[in-house]
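Asks: For reference, the chains in residue letters:
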Amino acid sequence: MVNKLAARRIESLSYAKPDNRFMFLTNRFDRLEDMKTGEDETNLMDAKEPTRIDIEAAYRQHADALRWFLSGVLRNDALVADALQATFLKLMQQGDKLRDVTSLKSWLFQVAFNEAMLVKRKNKVVRDHSQQVAWRTEAIRKGEDSPEESALLGEQVEQVRAAIEQLSADHQMVVRKRIYEGLKFREIAEELDVPLGTILARMQSALKKLKPFFE
Amino acid sequence: MNNNNSNQDEQSWDVFRYVAEEMTPDEEQRFEQLLESDQALREQVASMVSTMAMVDQVHATSKVSPAIAKRAAKLRVRRLIVSVAALVAIATLAINLMPAPSQADAETESVAMAWAESLETDEFELPEQEDSFEFASFEIESDDDWIADVVAAVNENNVN
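From first to last, the protein sequence lines are chains Y and F. In terms of our numbering, the first sequence opens at residue 1 and continues consecutively. In terms of our numbering, the second sequence opens at residue 216 and continues consecutively.
Treat the hints as calculated values from the structure; they're not laboratory data. Built from N, CA and C at the ideal position, the CB exists for glycine as well. It is possible that some hints are incorrect.
As the list claims (entries may be wrong) - Away from chain Y, derived, C-beta distances all over 12 Å, residues of chain F:
{"no.": "1", "residue": "Ala235"}
{"no.": "2", "residue": "Ala255"}
{"no.": "3", "residue": "Asp271"}
{"no.": "4", "residue": "Ala300"}
{"no.": "5", "residue": "Leu308"}
{"no.": "6", "residue": "Ala309"}
{"no.": "7", "residue": "Ala367"}
{"no.": "8", "residue": "Ala368"}
{"no.": "9", "residue": "Glu371"}
Claimed, not checked - Listed below are the simulated DSSO-like cross-link pairs for lysine-lysine, each with C-alpha atoms no more than 27 Å apart in a straight line:
{"no.": "10", "chain 1": "Y", "residue 1": "Lys209", "chain 2": "F", "residue 2": "Lys289"}
{"no.": "11", "chain 1": "Y", "residue 1": "Lys184", "chain 2": "F", "residue 2": "Lys289"}
{"no.": "12", "chain 1": "Y", "residue 1": "Lys177", "chain 2": "Y", "residue 2": "Lys211"}
{"no.": "13", "chain 1": "F", "residue 1": "Lys289", "chain 2": "Y", "residue 2": "Lys177"}
{"no.": "14", "chain 1": "Y", "residue 1": "Lys211", "chain 2": "Y", "residue 2": "Lys184"}
{"no.": "15", "chain 1": "Y", "residue 1": "Lys209", "chain 2": "Y", "residue 2": "Lys177"}
{"no.": "16", "chain 1": "Y", "residue 1": "Lys208", "chain 2": "Y", "residue 2": "Lys184"}
{"no.": "17", "chain 1": "Y", "residue 1": "Lys184", "chain 2": "Y", "residue 2": "Lys120"}
Unchecked claim - Computed footprint of chain Y on chain F, listed as stretches where at least three residues anywhere in the stretch have a Cβ under 8 Å from a Cβ of chain Y:
{"no.": "18", "stretch": "219-233"}
{"no.": "19", "stretch": "243-252"}
{"no.": "20", "stretch": "258-264"}
Put together the whole structure using the sequences plus the hints.
Replies: Structure representation (structure tokens):
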């Protein structure tokens with residue numbers, strides 16, 4: 001059950017046709033048949049081989065944050081999927097060198113960043129705004145693996161909505177135009193006939209209201 | 216404490232600008248050099264992206280808030296007033312720039328009219344058939360009455 005879940009998660013990452021890397025991952029998970037489920041999330045050591053990192057647990061714990069991070073760097077959901085897959089492949093290949101799980105998160109982020117830079121250099125993609133909203137929406141959708149996660153996400157969205165509604169109309173308008181409609185600050189300033197500095201100040205002020213959500 | 220807060224705000228602003236692609240290529244390169252070694256900064260990028268995604272969800276799942284709708288309506292009215300005022304100003308300017316009819320033009324017109332009136336219409340006979348059309352010709356009366364009429368018309372205008 002655990003291995004099928006792991007395989008489904010990995011499979012959902014890739015938009016590309018299955019390749020050798022993907023087959024290697026699924027085979028690897030097939031060998032972890034006796035892995036326990038429901039154990040303490042912080043225990044990332046493999047139950048069968050205590051000196052090795054538990055890949056599945058590491059994935060459960062860190063994949064979402066890694067996906068957000070990669071989305072911020074790459075801004076393309078297909079490239080994010082490739083980089084995320086490459087990151088966990090590296091973990092499988094080099095995970096036995098890691099003895100200290102407290103540094104695992106940092107190690108994963110480091111590897112993810114390196115993979116992202118490699119991918120970014122290879123793929124100079126110019127994206128329009130509708131695609132930017134699409135990749136953020138896709139990233140949020142990928143995080144909804146269960147009804148509980150969907151409910152939690154819904155609650156967070158409502159909290160963000162409440163925070164936005166506390167802003168003045170002018171500030172709300174800038175947030176909507178910059179983030180959702182994708183206009184650049186200069187374009188917003190021209191449209192609203194307001195100095196650029198004022199628009200920037202409104203956005204910074206709005207970010208302070210949203211601070212609890214990203215810090 | 217205040218310094219820490221303002222440093223954090225500045226960092227958050229840079230993170231937002233990076234994720235929103237508001238940085239210049241040089242700024243982006245420098246920021247990515249920081250990302251190479253700063254785990255806290257990497258986690259901030261992750262959080263910022265997820266926050267922006269939630270903001271997208273807020274706007275995608277709701278109509279424009281009443282506050283924004285009211286503000287947008289005020290902006291539309293203001294733009295309309297400015298457009299109308301600009302049109303009125305342009306029209307006024309155009310009218311003022313149109314040249315007034317000059318005195319010489321008025322005199323020329325009255326001479327032409329007087330000459331036209333002095334001609335007797337029956338002096339022009341159009342040919343009955345096109346084939347035999349020749350330019351109509353007429354004989355000017357030798358007594359020069361038409362000249363007198365023209366001069367009289369000009370004098371009348373000057374008096375008026």
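Asks: If a hint holds in the structure, say so; if it doesn't, say that too.
Replies: Here is how each hint holds up against the structure:
Its closest Cβ contact with chain Y, about 7 Å, brings alanine 235 of chain F to no more than 12 Å, contrary to its assignment away from the interface. A cut-off of 12 Å between C-beta atoms contradicts the statement that alanine 255 of chain F is not in contact with chain Y; the least separation is 10 Å. Distance check on aspartate 271 of chain F: its Cβ comes as close as 5 Å (rounded) to a Cβ of chain Y, failing to clear the 12 Å threshold; non-interface status is violated. The beta carbon of alanine 300 of chain F sits about 15 Å from the closest Cβ of chain Y, which is more than 12 Å, so the claim that it is off the interface holds.
Non-interface call for leucine 308 of chain F relative to chain Y: holds, since the shortest CB-CB distance, roughly 23 Å, exceeds 12 Å. Annotated as non-interface, alanine 309 of chain F keeps its C-beta farther than 12 Å from every C-beta of chain Y; the closest such distance is 26 Å. A cut-off of 12 Å between C-beta atoms confirms that alanine 367 of chain F is not in contact with chain Y; the least separation is 65 Å. A cut-off of 12 Å between C-beta atoms confirms that alanine 368 of chain F is not in contact with chain Y; the least separation is 60 Å.
Interface exclusion of glutamate 371 of chain F from chain Y stands, the closest Cβ pair being 60 Å apart, more than 12 Å. A C-alpha spacing of about 25 Å is found between lysine 209 of chain Y and lysine 289 of chain F, which places the hinted pair at or below 27 Å, so the restraint holds. Taking the CA atoms of lysine 184 of chain Y and lysine 289 of chain F, the gap is about 22 Å. The hint holds against a cut of 27 Å. Among the hinted pairs, lysine 177 of chain Y with lysine 211 of chain Y is consistent with the structure: their alpha-carbon atoms are about 19 Å apart, no more than 27 Å.
A hinted pair counts as satisfied when its Cα atoms are at most 27 Å apart, and lysine 289 of chain F with lysine 177 of chain Y qualifies at roughly 17 Å. Simply put, lysine 211 of chain Y and lysine 184 of chain Y have alpha-carbon atoms about 21 Å apart, close enough for the 27 Å limit, and the pair holds. Taking the CA atoms of lysine 209 of chain Y and lysine 177 of chain Y, the gap is near 17 Å; set against the 27 Å cutoff, the hint holds. For the hint linking lysine 208 of chain Y to lysine 184 of chain Y, the alpha-carbon distance of about 20 Å falls within 27 Å, and the restraint holds.
Taking the CA atoms of lysine 184 of chain Y and lysine 120 of chain Y, the gap is about 22 Å. The hint holds against a cut of 27 Å. Closer than 8 Å: that is the beta-carbon criterion, and the stretch 219-233 of chain F has 7 residues meeting it against chain Y, so the requirement of 3 holds. Coverage of the stretch 243-252 of chain F by chain Y holds. Counting CB-CB distances below 8 Å, 3 residues qualify, and the rule asks for three or more. With a cut-off of 8 Å between beta carbons, the stretch 258-264 of chain F has 7 residues touching chain Y; three or more are needed, and the interface restraint holds.
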